[in-house]
Every structure is written in structure tokens, then in C-alpha cells.
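So the protein lines, in turn, are chains A and B.
Residues 1 to 458, numbered by the numbering used here, are exactly what the first sequence covers, in order.
Residues 1001 to 1458, numbered by the numbering used here, are exactly what the second sequence covers, in order.
Wrong hints could be hidden among the right ones.
[To be verified] Okay, derived cross-link-like pairs now, DSS-like style, lysine-lysine, Cα gap no bigger than 25 Å in a straight line:
1. B:Lys1112 <-> A:Lys75
2. B:Lys1235 <-> B:Lys1220
3. B:Lys1252 <-> A:Lys112
4. B:Lys1235 <-> A:Lys405
5. B:Lys1112 <-> A:Lys20
[Said to hold, decoys possible] Quick partial rundown of chain A residues pointing at chain B, CB under 8 Å, derived from the structure:
6. Lys112
7. Asn116
8. Ser308
9. Pro398
10. Lys402
[Claimed, not checked] Covered stretches of chain A (in silico footprint by chain B; criterion: 3 or more residues with CB under 8 Å from a CB of chain B, positions within the stretch not fixed):
11. 212-223
12. 226-239
13. 371-381
If you are wondering where the hints come from, they were derived from the structure by calculation, not from laboratory data.
Here a beta-carbon is modelled for each residue, glycine too, at the ideal position from N, C-alpha and C.
2 protein chains.
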Amino acid sequence: MSQKLSTPKGTRDFFSLELKKRNFLLNVLRDSFESFNFQEIQTPSIENLSTLINKYGDEEDSLMFKILSSGEKIKKADINSFKDGNLHGFANSLSDKALRYDLTVPLSRFVKQNLNEITFPFKRFQTQLVWRADRPQKGRFREFLQCDVDIIGEKNCLNEVECIKIYDYVFEKLGLPKLILRINNREVLEGISRIMNIENLSEISSTLDKSDKIGIDQVKGELVKKGINSESIDKLLFFLNIDGSNQYKIDKVREEFSINKISTDSIDLIEKIIDTCNQFELKNIELKFDLSLARGLGYYTGTIVEVSAPKEFSIGSIGGGGRYDNLVQENNPKLSGFGISFGFDRIFLILEELNLFPNLLDSSKSFLFLNFGNDKISNFINSINKLREDGIVCEIYPSDIKIKKQLDYANKKQIDFVVIIGEDELKKDIFKVKDMSKGDESTYSQINSLVEKIKEIS
Amino acid sequence: MSQKLSTPKGTRDFFSLELKKRNFLLNVLRDSFESFNFQEIQTPSIENLSTLINKYGDEEDSLMFKILSSGEKIKKADINSFKDGNLHGFANSLSDKALRYDLTVPLSRFVKQNLNEITFPFKRFQTQLVWRADRPQKGRFREFLQCDVDIIGEKNCLNEVECIKIYDYVFEKLGLPKLILRINNREVLEGISRIMNIENLSEISSTLDKSDKIGIDQVKGELVKKGINSESIDKLLFFLNIDGSNQYKIDKVREEFSINKISTDSIDLIEKIIDTCNQFELKNIELKFDLSLARGLGYYTGTIVEVSAPKEFSIGSIGGGGRYDNLVQENNPKLSGFGISFGFDRIFLILEELNLFPNLLDSSKSFLFLNFGNDKISNFINSINKLREDGIVCEIYPSDIKIKKQLDYANKKQIDFVVIIGEDELKKDIFKVKDMSKGDESTYSQINSLVEKIKEIS
């Protein structure tokens, strides 16, 4: 019984008041994306596993919610795998679909599938739910809303700048304090790993991603554990310890790369992005070139960005994104992608705690018509029709229970005005309107002037 | 590869233009629900199987999309069931969650779980996706949007009337032709099955539901096949053949029920609902008491309603609902429910075919700033900022490719105006605005008056 009465782990119900706030935030995001002339698309909640698998990384693949094959298809269950303890293989034989894990991989599928109908550069936004069987934490859920903007087309640093500008625009609209956007480039990290003489960036990237939480010392410890030799670690720490302005860091990394005969294109790109952003006069974002930013997802190939929550909130990032060259078409420079995501729930949490939601989320006044018996309703039922046609929020209590109970209902539901037309009022051809917040009651003559009067009040 | 490039069966991608139409329809529905002072809730896409199972009926249960248990949980697989060919039992051992099948059962879980926070009568609306592993058909998908309003509280026929009035209100707003709403009551059908001397209403309900498609003769044939004796069938046909006005049918059924000593409460209720609806002056709905209406879902206990699509569309119903007494709490007359659902996709289809979407779904003008090289952008980049702050839709082409190609992009994306500030314009301190629909080009002096001028145009 108790299990019956709960939502699954990491999922939530939303009440009306919270939804008004969520809709406010969602509308700010959507309106902003539209101001930048991004076009909305939607994709299904369910994708073929073949679309999703091997795009994000092994850990992410294991966190997908898979759909159990139905009917006869379940006969394909690979019982031998089960017996051999190969649960992964067993699971794969039972499912060929999964819930969306993010919005980027479905976008790449959408673009590939509709190449001829799309105008490039394709600027799209998408605000839909995604599902991850992650461990729930503060601000992290198993079902959550992602709000993404992406530009698919030729690589061009103006796309990065435009997306960074959207962060700035949205955060300013929401009244957030100035936020730090960390920027790096996967190719810069590749350069560093070459200098470190390690084979694969992925050996260090997960450790790097934690570095702002765990600190340099622990980074060192983790890398030693991973079997990376101390000479390599020292080279990495050299880079992580470069301190100073963005320009100083850029110059220093460029110098090191040149010495080691590594292409400086990626450094030049970061410089160009930062310079162009400065022309755009960012108001709410401070750019910070950060060599420790790695970002987990497997598909990023170039620029990566991440916006941290204000320091007082220990909820990690509230947005991030990057460039993915090969998600739409391998090695096709005309169809590279760059996109960013807004962490809806975490931004919501910050707005809530900083008290940044507008007081008046709902400016329309609501009216409850008391019910003195179904026989009396016919006297004003058409006035209710007319008011609703004008978009005025009104309702009639569904039964003629005690008036006190009807007023209780109005109070609890925070209804603004109660309209009283009982036997006495009908006889005298008057009606009363009670202001529920002030407690005042006004009397008006002529029931046929009801619509007009209530329009004035509302 | 080809599987990679498709969405799963019965699911869809949506492009921007279609989404604008969908959002238009969704907003009409949501605004209407709010005018009647229903309050929005949202529930998770995933529910515990224990919440969903045994509420709808066996066939419906088998059409749920179940979530495959992950990690260690999959070890619970009931291999013996698999070997015994008990696929149902095998599937159940692999899953304890499923995607939402409708919005009513999750609502009942929500109410049970939050009894103390809810003000009754609880009038809620909900517009969320549901998933059914049904056979896709025209207007029927495996993932689709449901738009529901429900009232949970004491049984009161005004709740039925209010929901019928919402249908009327919405269909009028959408400009649909007058639609027929069929109304019946499960208890009336129970009464008829008692007169027929059959044990269970479910023996005839699925056949009844098809009767408007297959006709009376085939109904007879199907019932014979089901082993129902001809005397019983004749009694049923007697009822189905009652023809005339609603009032005539009501009187006739009441008479028969009285003769057979069956309670006429349910007939009286139908009469009362129809009478009160008439007071409400329905404009777009014609009520029709229809003894052949049964509605499939297992949880209905009283009034049932269904709105048919206009005759020229053979896509079945575009909405339906009913009263469910025992979904929230068994035998608790204070917590009965009545609710209706709008078939979003089918209504969309009708609006589309009858050309009822407004022409101007998007009244805001859009501007593309041509790109003559990143060095020139800094001269007007801040004007773009200012325009966007005023909600004006504008963008800058991300690279300085040939102007012809940039204009192509503007054309394909149906951008209204192109702003031209190249080398020549910069020298002369002028800018040009090209009206893309007319082809006109206007020249304006002073680049610093850009914002002001464009605001005038937009």
C-alpha cells in the first residue's frame, strides 16, 4: 500500500503554485530563445536504442531507462547471458528502445533524418523531459526538464558567442547575480595529454572535472592511483597552476604548445571567442578560461563551457554545453554542432532561494458564485458563460452545502471574490460581491448588470 | 543504419511550424481550463506498476510500456516462467515501473497521496504525454498528448455539467462545427444487463462500443458468437432500437426499468444533467442520450460521455470521459471523480483539415543582420542586444559567406527583414533594410538610430 502511494524514486508531482513558477521560468527561456530566432522542435520521449547507445560513454549508457520489449518480442530473451552472469547482454536482449537521455543525441538523429527539409545553419531550441537512472540528489532528479539551444552548421565561433550571449540574456532577465562561465576546449586538453604522454584524454578527464570540488592535491592523488607517472602529473599540474587573467593563461598555453610543436588553433579559438564576447558586452556572465574543465559526455570535440551556480549554492553547474563535430555526420565540417543546456531545476532552486520569482505570477482575479440551490442557478448561469468568454476566471460551487463551507473552499483556493445571489438577493434584484482578501462586501442593484460590474472589478 | 534514422513506431518528431499550431491549440485548452478555475498539476511520466495495474482492464494492462529493471534488480528475472511459456509472468519479474497510460489513474494516486494538502472539490487540469503500445492508426499514436480536466469530490451532477460546458466552450473557441456529445450511464447499462439476465456488463460493453461502426445487425452477430442467448439479445436490441428525442428515450427506459423493478436513479441523473446543460445554453454541443455508449476503461461507474468527430472524419471520438466512484477511495461518496479528456491529436487533425488555425500564428517580425566580416560586426552588435531586450526577434548570420547565400537562408527561414551594414554603409554612416516579402529596400541615415528605426518597422 505504501509503495502504491508514492512516485518512483527521483520523480516528482507538481502542484499548481509550483507549476506557475515553473511556467514563468520556462517562458523566460522560450521567449529568449525565440528572440535569438531559434526554432522549436520536439522529438519523441522514446528513441531506438541504436540511436542512443555509444554516444555518451559506458557509464551513461548504463543509466538509461530501457523499455521492456512487449508481446512476442520478449521471447528473444538471452537466457544464456543471464546464466553466465552477463546481465548487460541479458538486458540488451530484452529491449530495443530507451527513454531520451539528453536532447542533443535526438537532435542529431532528427537532423540526419531530415537533412533535406532543414535550412542550415539550423538553430533549434527544445524544452523537453529527459530521464537518467542517476542517484537523486539536491537539484538532481531522474526525470527532469532540459532546455537546449543548438546550432548545427559550419564551425564558426560566432555560434559559440551567440550561445554564451543567450546565457547572459536569460540570467539577466531572471535577475540572477553575475555568474562565472568556464570555457575550455577538448583539443586543448588533447594537447596537454600529448605533452603528458598519455594515450587517452579520458584517463584524466573525469578527475579533472572534479578538480574544483576536490582541489589540486586530491587530483594528484587520484591520478597516481590511476597509474599515471609523476612526470606526466607534474606536466598537468604545471598547466592547472597557470594563474592570471584569461589573456595571460591563453598566452602561456600557446607558448607551451608551440614549444611542444602542438597546434595552437584551439587556443586561438578560445581567444577569439572571448574577444568577440567582450564586444557583445556581457552583463551577467564573467568568462573564465579554465584548463580543468573537461565535461563528461563523450561526444564533445571542441569548445566546452559550463556555468557554475553562485558560490553559496553547492549544486554544481546550472548549465553547460560544447561543440560536437561528429554527432551528425563524421568528419563533415559543414555539419558540426554547438549547443548549450539550461539546468532547469537547479536554476529554479536558485530563483526560489534568492526570492527572484515575481510576486504576481497570476494577475487575473477569480470569482466563486455561491450555490443556493440548483433552482436558483438558472438566474445567472448565462452571466458566468459571458464572463468566461471574456477570459474571466469564474466557477460555481457544485452543490448547495452550507455557505460557510463554500466560503472555506474560496479561502483555501485563494479565490479573490465571492458572488452572492441567494433567495433574498433574487427577490430584491440585487447581488453582493465579497472581497475575500479584505472581507468587504458590496451590494449592487440589477442582476442583469452582473457581467458589466464584474468586468469592472476584475 | 536505416533503423538508426527513424523514430520508434507510433512516435513523431515535430517541426517548428507544426509546434506553433500545437501550441496554439494547447493554449486554447489551457486558457479555457483556467477560465473555469481548474488548477494545473503534473505527475511523473513513470509510475510504479502497482499504481497502474488492474485499473483499466487486461488488454490495457498489456499495452503499457514497461521500464526494464536496471542493475542488480534484473537478477530477479523469473526464468522458470520464461521456460514455461508464461511470458506475462516473466515480463512482470523484469519490471516494477511503467510509462503513464492515462492521466486519470495518476491523478487518483496524486489525490490519495496528498489528501491533506488538497482542497475539495478538487478541480484539476493536466496536459501531459501518455504512452500506449497500441497499433498506430490515423490520429492514433503510441506517444500522445492528453488534456484532461477532472473534479474530485462529492458526486454532484453540476460537475458533469461543468465538464460538458468546457467541451462546448473549447469547441466554440476553436470554431469547430456543432458536435454530438453522446451521454450514457454505466448503471443504466448494468440495469439493461440485469434485464438481459447476463452476469457481467463487460460481456456486452466492447460490442456495444462498436455498434455505431458495425451497425445493429453485426452487434447481434457478435453477441451470438459470444454465446449470449437470443432472448437476452432481443432485450438488448429493444433498448438499442428506442428512437426519438432524449426525453422520449429517458421516459421509455425509465418505464422499462420500473416494470423490471430496477432503480431509475441513473436515468433520473441523465435527465437532470441534460436539463441543466440546456440552462447553460450549449452552443457547440448537441447532447444525445445513447444507450449504445459503453466506453472501454474499467474504472468508470456512472455517467459516461463521448464526443464524436464530425461525420466526414472517420477517426472515432475526439474526447470522452466519465464518473469513477472508486478510483480514489473505494465506496467513499465524498471522493468520487468525474473527468473528461480532449483527444489533442485528433482535434489538431480536424482543425488542420477544416483550415481553422489562425493565419497569423506568429505576429512578431524577424530580422537578419547580414555578416560582412566579423571586424564589421562590432559596429552594431549592441543594437542587436537592445533589440532583443525589447523582445524583437533578430539574429546575425554566423559567417561572412556570399551575401546571396545569406539571403537564401533568410528566404528559407521566412525572415521578414534583412539589415545591411557593409563596408559601403559604414563609410556613409547609413544602413539598409530589405523587406523580404516585398523585395523593397529602404535606406536610413545614421547607424546609431538603428534601434529606433527597427522598432518602428517591427
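| said: Run through the hints listed earlier and report the numbers of any the structure violates, in increasing order. | reply: Of the numbered hints, 1, 3, 4, 7, 8, 10, 11 and 12 do not hold.
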